[in-house]
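Go by the hints and put chain B onto chain A.
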Amino acid sequence: MMRDIVKPTVVLTAIALVCALLLSHVQKLTAPAILKRTKEKQVQALTLVLPGFTMGGEQKVLVDGVEFTWWEGEKKVDEKTVYMTASKTVKGYAFITKKPGYSGDIESMVGVDENGKITGLTVISQTETPGLGARCVEVANRKTMWDLFRSGKPAKDFGDEARIPWFQKQFEGLDAKVKIGVLKLGVWNPGMRGSLIEKNAISAITGATITSSAVIAGIEAGMARLVKARSMQTSAAAGGAR
Amino acid sequence: MNYWKELVKGIWSRNPQLVIGLAFCPTLAVSTSMSNALWMTLAATFVLVCSNLIISSIRKIVPGHLRIPIFITIIATFVTVVDLLLNAYQPDVYQSLGIFIPLIVVNCIILGRAEEFAQKNGVFVSVLDGIGMGIGFGLTLTVLAAVREVLGANTLFGYTLINGMEPATVMIMAPGAFFILALMLWAMNVINSRSKRK
Chain A
-1 MMRDIVKPTV VLTAIALVCA LLLSHVQKLT APAILKRTKE KQVQALTLVL
49 PGFTMGGEQK VLVDGVEFTW WEGEKKVDEK TVYMTASKTV KGYAFITKKP
99 GYSGDIESMV GVDENGKITG LTVISQTETP GLGARCVEVA NRKTMWDLFR
149 SGKPAKDFGD EARIPWFQKQ FEGLDAKVKI GVLKLGVWNP GMRGSLIEKN
199 AISAITGATI TSSAVIAGIE AGMARLVKAR SMQTSAAAGG AR
Chain B
386 MNYWKELVKG IWSRNPQLVI GLAFCPTLAV STSMSNALWM TLAATFVLVC
436 SNLIISSIRK IVPGHLRIPI FITIIATFVT VVDLLLNAYQ PDVYQSLGIF
486 IPLIVVNCII LGRAEEFAQK NGVFVSVLDG IGMGIGFGLT LTVLAAVREV
536 LGANTLFGYT LINGMEPATV MIMAPGAFFI LALMLWAMNV INSRSKRK
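These protein sequence lines are chains A and B, in that order. Residue numbering for the first sequence follows the working numbering, starting at -1 and increasing by one per position. Residue numbering for the second sequence follows the working numbering, starting at 386 and increasing by one per position.
Hint data in this document are derived by calculation from the structure and do not stem from the laboratory. For each residue, glycine too, the CB sits at the ideal point set by N, CA and C. Take the hints with a grain of salt, since some may be wrong.
Claimed, not checked - Pairs of lysine to aspartate or glutamate residues, derived as EDC-like cross-links and limited to a Cα-Cα distance of at most 20 Å, are as follows: (1) A:LYS226 - A:ASP62; (2) B:LYS445 - A:ASP2; (3) A:LYS37 - B:ASP468.
Stated by the list, open to error - Which bits of chain B does chain A cover? Going by a derived footprint, with three or more residues having C-beta under 8 Å, they are: (4) 441 to 453; (5) 469 to 482.
Here chain A stands alone, though its shape is the one from the complex (with noise of 0.2 Å):
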């Protein structure tokens, strides 16, 4: 009786901790360039937020016992008046937030103008219900059977649509300093976009409507810490003056 219990409990106890032992040798030796990889995820991540802005370095900063990791941009923009064309710079900044999904945090990287509207979101890790939350990273198939028989390619060319997700493109032109609605309206489409802006909403997932109020707690929690990080920093500025 004994024998039956002890023998097979010492065996797999063993084999685990090999196992075990193995996998975080392994780890240890691969995470620098994983690491490596993330950042330059990272990177491209921000020119996809942030269009046309060039990026600061990276600061990270602890707000409300959370690590905080944001960015700030700059961008020159021509405004024109009636009797000259001025040049002005404007900031911008970017910054990633998570919260919790379905299953599982979802993170992502937004970017904001000065005015708190955003320029883009791009969601960088996600482990959602494929078919579902996972839709959050689907690229809109505007394919038809037709035009995949035919050739492969749609017969209209939709631009970018075709690379950014159809779920974060909606968030661009949106105000993050308020609160950011969802309706269900199905999949958007770049129709939706005028009336979207107007009511500050986007459209969710079908099915998946905890997975699109997850990337919105995201978006407001991560606007809350950036508005602290920054007045962090310019109190530390004015410390550093005096």
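Chain B only, in chain A's frame:
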């Protein structure tokens, strides 16, 4: 025991997909391009050989009723190793194979060979079995991928074959995989039944 026979049986007479009928999921899903197919073959063969090696060497101390959880633990460990290595050093491959790397854990060939062969046979012959089965799996996969990539994308290893020709995109989609795999199974059966009649 005939070592040569154990090595080459996976290629034709006991081909994992075409004769035993295992591992259709990765075969259908990953055969969209030659590079995908080759990397999948490498990853799955690595896991298969390593798991056969370990399982055959500990087969005498593994309690019979606990063998499945132990096998799965060992297989999952090697799959995680492959997953981490690809993520670190072959990010493009990692991106394009995506979920199919972690899914090697449930690849029926690997658990099937552990159950059917490695737990009953010696270490050396189990490694040979793993290599042979890996090659057989890879051959079916690459032949399928070559046909699909040439017809469906007009490329091979990503290089364009005939300038300006419109490829038959349906071959790169799921239906194309079923068409070609069915033809391969049919050809295999015809050849085998003819050689049996002789």
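These are the hints, each one checked on the structure:
1. A:LYS226 - A:ASP62: Given that 20 Å is the threshold and the Cα spacing comes to 9 Å, the pair holds.
2. B:LYS445 - A:ASP2: holds (15 Å)
3. A:LYS37 - B:ASP468: holds (19 Å)
4. 441 to 453: It holds: at least three residues are needed, and the stretch 441 to 453 of chain B offers 6 whose Cβ sits within less than 8 Å of chain A.
5. 469 to 482: holds (count 6)
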